[in-house]
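Residue-level listing of the chains:
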Amino acid sequence: MEDSIDVKEVKLTAKDFASDQDVRWCPGCGDYSILAQVQRTFPDIGVKKENIVWVSGIGCSSRFPYYMSTYGFHGIHGRAPAIATGLKVARPDLSVWVATGDGDLLSIGGNHFIHACRKNVDLKILLFNNRIYGLTKGQYSPTSEKGKITKSTPFGSVDYPFNPISLALGAEATFVARTIDREPKHMQEMIKRAAAHKGIAFIEVFQNCNIFNDGAYELLTDKETKADNVVILEHNKPLVFGKEGNKGIKLDGFKPVVVDLTDGKYSVNDLWVHDEHDESPARAFILSQFTEIPNMPTPIGVFRAIIKETYDAGVEDQIKRITEKKGKGDLKSLLYSGNTWEVN
Amino acid sequence: MEKEKTTEKEIQNLNEVTVRFAGDSGDGMQLTGTQFSDTTALFGNDLGTLPDYPAEIRAPAGTLYGVSGFQVHFSSEDIHTPGDTPDVLVAMNPAALKINLKDLKPNGMIIANTDSFDMKNLKMAGYDSNPLEDGSLSNYKVFPVPITSLTSNALKESTLSTKEITRCKNFFALGLTYWLFNRPIEPTLEWIKDKFSKRPELVEANSTALKAGYYFGDSTEIFTTRYQVEPAHLPKGTYRNISGNEAIALGFVAASLKSNLPLFLGSYPITPASDILHYLSTYKNYGVKTFQAEDEIAGITAAIGAAYGGSLAITTTSGPGMALKTEAMGLAVMTELPVVIINIQRGGPSTGLPTKTEQADLFQAVFGRNGEAPIPVLATSTPSDCFYMAIEAARIAIKYMTPVILLSDGYIANGSEPWRLPKPEEIADIPVKFVKDKEGFAPYNRNEYLARPWAVPGTPGLEHRIGGLEKAHITGNVSYDPENHEFMVRLRARKVQNVQNDIPDLTVIGEQEGELLVLGWGGTYGAITEAVKKAQKDGLKVSQAHLKYLFPMPKNTKDVLKRFKKILIPELNLGQLATIIRAQFLVEPISLTKIKGLPFKTSEVYNKIKEIFGGNNGR
Ligand SMILES: Cc1ncc(C[n+]2csc(CCOP(=O)(O)OP(=O)(O)O)c2C)c(N)n1
Ligand code: SF4
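Line order of the protein sequences matches chains F and U. Position one of the first sequence corresponds to residue 1 (the numbering used here), numbered consecutively onward. Position one of the second sequence corresponds to residue 345 (the numbering used here), numbered consecutively onward.
Be careful, since some hints might not be right.
Unchecked claim - Straight line, CA to CA, 25 Å or less: simulated DSS-like cross-link-like pairs of lysine-lysine:
no., chain 1, residue 1, chain 2, residue 2
1, U, K628, F, K328
2, U, K767, F, K49
3, F, K325, U, K782
4, U, K945, F, K332
5, U, K602, U, K442
6, F, K326, U, K628
7, U, K485, U, K537
8, U, K910, F, K320
9, F, K326, U, K743
10, F, K48, U, K628
The set of hints was computed from the structure by calculation and includes no laboratory data.
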């Protein structure tokens, strides 16, 4: 699309990204915050409204596109990454975003998720992780903790959960981050970072489903407890947390250990300094596993951000190269190629 | 070729011949058959082919289930099938003989590779004694040729390993067959040069084997006659030999050029559809994007995404993959996006017979979705017809903003025939209108064809949301209103029914009314055509009609059916079209069914026609 030179670009606001549809999540649902942060940040991501598309699967979270006044596609359960991949490959000029839930992305859609990561398709995936199936009214999900009592697991679930960050890293995602619905500023920053990343950008958002899994992240959001339970990842900064910044994390080989910074034994100089650009996903993986270790704080922030050719750019590039080599194909040469003969 | 030498033997003219090459899966019979077909096509015969191979890539050598065959029927006249019964069987081993003998014409010719008729191979094929020696083949003309050792002799000087030398024997057999039917070997020599350009020693060896086979025919005493099938009197024009899958690939590239839309294929490999993916992935300089997805669901959903973005989007598969795509087809119905779903049918259910043909996915195509989800269904009838039906499927999808299903089958996909190439300007443009204008735009507004507007992302001011939830008429907002749902269900049904206004009438070949109409669909076209022609020559009052549009059917279908006393429907399933016809038009067709993974023989259809007339010629 061409811009008319006379018309001044009017700076959009959050309101400009709200559609005319009533938002129908349960009052108090964490989804509202995610919608608000997206609407707040989108005027600043440097993409024109008409070039943004939100694609989703099925679930409470997947109603998201209806509430954005951008282009939107509400797909079928689990398939949003595949729909989005087709769109992005066909239209590399678009900024394509995926809104999805833990059931949608990691259960029925697990296959599409890992392959979108592997291929480094330039998509932005926002996982609304409430550790429960919301829309189908409260069954356990692939991120629910083992032993979870739900409608479909009255005696407790027997299976182990997925760790979405570990999974994304294992699938070679080039941008992996985590944030929390109750941390608006942090979420905004993550959204902006994802928007700026070239390649797959995966953000896990801890989202509270106050109807079926209320308080799942309370430790991480409650004013009293959060400082001791959350560590914020910042590039080139040591891993420090705790109410007065009194705790740190150092690496003993592959083993992360929490150390006290007040007893004089350790200083910040001994701590693990986070490097999000590390080519190897190994350290990011260790970070992602903090949640599996009792008493370790939960990291939020960018685990990994590296640059690699994207799939969609690779496709474009190949077409360009072959076309330069062979010349642009036309119908005549298409039909009359191969062994032909004349009948007179 | 040295002319004088070749004229020493008598040349006998024939109108048509059917040759079957059969051997072990590792013997290169598909290649031999394809080369023979291509050369024969270049020579100017009309032809039909039938590849028939096991699902295993390399079944144990010498076993009955490892036999791979390729049949070519060529003629100086217009023909439509790969032939019922071979005149010539080239049998590379006892298992190939055992499997194929029952099909051979009485008094037919057998060229047998005697080298492989040893105790071990005979036993593996279940022979107690050597059929070449025990007189059991006295009803045939048997030509024993030690193909393996003759090939080795010819390649004495070669630096290749013994194993590699043995591998060249299919070219010896091919050369011999070329001599027998007086075909040039040059096109194959060229092909060898091209194919093995990176390995000159293989070019040398295979060329030598081919020539050795050819000259052997000349110099041996065992053949006294050569055969000649004159070029067919085909309509003037430029021709090429084409398989169904290649024609489908070309058809969609042509549709892309004629609509000015980039082509996007989302696909997951499955036999016998994979070749379409292979062909299309070579057309990068036509702007074609091929996406080999992680599964069929990703294949079609990626295509849906691409269609939303403004591409001509297609997805290719076979029955089991089609089953996986079902939910997404419903999504394409609801979002009213043009996506073509191509199903190259194979024997089912489940994994079924991966390398064999069947027509049993008709119900799946017409009915196989949740909810009221009408999708136009088209079917190809011959390899070259695939080209035109691909364009037709694209045209309908775009004009009506609807998914379209195109059915083909393994037989058409792998079979080939000479195709008179259309001139590029003979192919009609496919008009496409992307909406640009904000004024009066609503995502579920409709034009005179009831198609909704195609507004692609990137267009300022037209930002809108679509998806699988029921949509309110015009506004496209999510709606659970009962009245609206019924209205929309009927609207979508009406839209698809309207495609009827846009497709050719069903034509009747033969008398326009009377005793018997043979109604077919899909790849049975050739066998039905020849059977009907033959019956007509016998003076039977029988006519033929072939349905290329299965849903909706041509407007005059009912009228055509009512004009005949009896309707015969031959199908490679348990009578799926017959069921639909009965339900839709309240007529009682006679079903002729076959579910063997093989196409109809002309005789099977012909015999059924005879049986229906009960010998009284319909009077
Ligand atoms: C093919 C298919 N299977 C099952 C469903 C039912 N279903 C809808 S949403 C959902 C799970 C949603 O959970 P999650 O992705 O965690 O999203 P949330 O509702 O919690 O946001 C399921 C099982 C469906 N719509 N489609
Ligand atoms: S069920 Fe849970 S996730 Fe769904 S809208 Fe309600 S609170 Fe949100």
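Exercise. Broken hints, numbered, in rising order?
Worked result: The structure conflicts with hints 2, 3, 4, 5, 7, 8, 9, 10, although it agrees with all the remaining ones.
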